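Asker: Based on the provided sequences and hints, a complete structural model is requested.
Here's the letter readout for the chains.
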Amino acid sequence: MYGWLWRKLPGGFAGKVSGCVALFVGGLALLFFVVFPWVEPRLPWNDVTVNSPSIEQTVVSPSPSALPS
Amino acid sequence: MTMAADFAVVTRGSRANQVIRGVGELFITLGVVVFLFVFYELWFTGIYTQHAQSQLNKQLQTEWAAPLPSPTTSPTTSPRPVISGSPTASSVPVAPVTAPTVTPIALPGDAIGIIRIPRLGANYGYAIVEGVSTDDLKKGPGHYPGTANPGGVGNFVISGHRTTYLAPFNGLGDMVIGDAIVIETRDTYYTYRVTKTASVLPTDVNVVLPVPGQPRAKATQALITLTTCNPKYSASHRLIISGLLESALPKSAGLPPALKGS
Numbered sequence: 001m002y003g004w005l006w007r008k009l010p011g012g013f014a015g016k017v018s019g020c021v022a023l024f025v026g027g028l029a030l031l032f033f034v035v036f037p038w039v040e041p042r043l044p045w046n047d048v049t050v051n052s053p054s055i056e057q058t059v060v061s062p063s064p065s066a067l068p069s
Numbered sequence: 001m002t003m004a005a006d007f008a009v010v011t012r013g014s015r016a017n018q019v020i021r022g023v024g025e026l027f028i029t030l031g032v033v034v035f036l037f038v039f040y041e042l043w044f045t046g047i048y049t050q051h052a053q054s055q056l057n058k059q060l061q062t063e064w065a066a067p068l069p070s071p072t073t074s075p076t077t078s079p080r081p082v083i084s085g086s087p088t089a090s091s092v093p094v095a096p097v098t099a100p101t102v103t104p105i106a107l108p109g110d111a112i113g114i115i116r117i118p119r120l121g122a123n124y125g126y127a128i129v130e131g132v133s134t135d136d137l138k139k140g141p142g143h144y145p146g147t148a149n150p151g152g153v154g155n156f157v158i159s160g161h162r163t164t165y166l167a168p169f170n171g172l173g174d175m176v177i178g179d180a181i182v183i184e185t186r187d188t189y190y191t192y193r194v195t196k197t198a199s200v201l202p203t204d205v206n207v208v209l210p211v212p213g214q215p216r217a218k219a220t221q222a223l224i225t226l227t228t229c230n231p232k233y234s235a236s237h238r239l240i241i242s243g244l245l246e247s248a249l250p251k252s253a254g255l256p257p258a259l260k261g262s
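The listed protein sequences derive, respectively, from chains A and B. Note that our numbering gives residue 55 to position 55 of the first sequence, counting from 1, and the numbers run on in steps of one. Note that our numbering gives residue 21 to position 21 of the second sequence, counting from 1, and the numbers run on in steps of one.
Hint data in this document are derived by calculation from the structure and do not stem from the laboratory. The model shown is predicted, which means the values in this text are computed figures rather than measured ones. A hint or two may mislead.
Just so you have them, the derived chain A footprint on chain B, three or more residues with Cβ under 8 Å [to be verified]:
{"hint": "1", "segment": "21–33"}
{"hint": "2", "segment": "124–138"}
{"hint": "3", "segment": "158–168"}
{"hint": "4", "segment": "196–207"}
{"hint": "5", "segment": "225–239"}
Only part of the chain A face toward chain B is listed, based on derived beta-carbon distances under 7 Å [said to hold, decoys possible]:
{"hint": "6", "residue": "MET1"}
{"hint": "7", "residue": "VAL25"}
{"hint": "8", "residue": "PHE32"}
{"hint": "9", "residue": "PHE36"}
{"hint": "10", "residue": "TRP38"}
{"hint": "11", "residue": "PRO41"}
{"hint": "12", "residue": "PRO44"}
{"hint": "13", "residue": "TRP45"}
{"hint": "14", "residue": "ASN46"}
{"hint": "15", "residue": "ASP47"}
{"hint": "16", "residue": "VAL48"}
{"hint": "17", "residue": "THR49"}
Note that CB positions come from ideal geometry on N, CA and C, so glycine has one too.
Answerer: Shown next as structure tokens:
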């Protein structure tokens, strides 16, 4: 996989290295700004509220017997 | 053919060699991606929260510096109705409404005050955001809409992340009965004292009721409830810190005793 990538990248040694760096940075940005933010809410360990998953619906609607302060 | 000969064939760059190497590289890459995800969760998300917190603090300072448009207690200044979201998605039975709803003091996503917990450090302070949606909680600890306002009779409920997004509630496990929780609002320091700590199931909505555990009871006390996930890095339970209002002192009188001591 990486050997194939190395052979496909254009330029001499310097060109291949900068191509690698560019791909690495691009991949990192894709992960950190697109993939991870998408995956995160689908994983459970950020649930901090009671009665998830439909927090707003269940907690807001009762608005129980609290008095306006 | 001997073993050595087999090995020689594989290392020479056969088709099998290529496939095995490709699969190996794929797994190594996936491992690195998982590691990066951990890094993202535990550290990178904090950058976002840090930024959001400084925005919220700025917002609070600006709001508090400006003169009041009308008394804060007036319900007519409410910018929106308290109900949002469809009731159909509700999966947990809830208590019937028995009293007027709480007037929200801020729009969802806006700051409502600052939480200070001396046990977690003299400089511990987070702007509390209105709302507990995923996006709200990324900015900081969130106030359950519909629960009491700071210092109000009923239950003032705040949720916060324990391990990600700056982990504002990371240290809640260290809190003990009698610890102070100070909520700073525009002109008041509300000091609560912890009365109970517990670990409950995520479905236990009783803890956010105006009178926890008593769906129909009428609230007479001003309570605070902090919720976060428990144990750390898990979503199996919720850590609940309950407190009772001890004092409400005007900010003009200086820091409350609970903050002075720290």
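Asker: Now tell me if each hint is right for this structure.
Answerer: Checked hints:
1. 21–33: This one holds; 6 residues, not fewer than the three required, reach chain A with a Cβ under 8 Å.
2. 124–138: Contact hint for the segment 124–138 of chain B vs chain A: holds, 5 residues under 8 Å.
3. 158–168: As far as the segment 158–168 of chain B goes, the hint holds, because 7 residues have Cβ atoms under 8 Å from chain A.
4. 196–207: With 6 residues close enough to chain A, the hint holds.
5. 225–239: holds (count 7)
6. MET1: holds (4 Å)
7. VAL25: Cβ of VAL25 (chain A) sits 13 Å from chain B, so the hint is violated.
8. PHE32: Holds. Min distance 6 Å.
9. PHE36: With a closest approach of 5 Å, the PHE36 (chain A) hint holds.
10. TRP38: violated (11 Å)
11. PRO41: holds (5 Å)
12. PRO44: holds (4 Å)
13. TRP45: Since the shortest Cβ distance to chain B is 5 Å, the answer is holds.
14. ASN46: holds (6 Å)
15. ASP47: Holds. Min distance 4 Å.
16. VAL48: holds (5 Å)
17. THR49: holds (5 Å)
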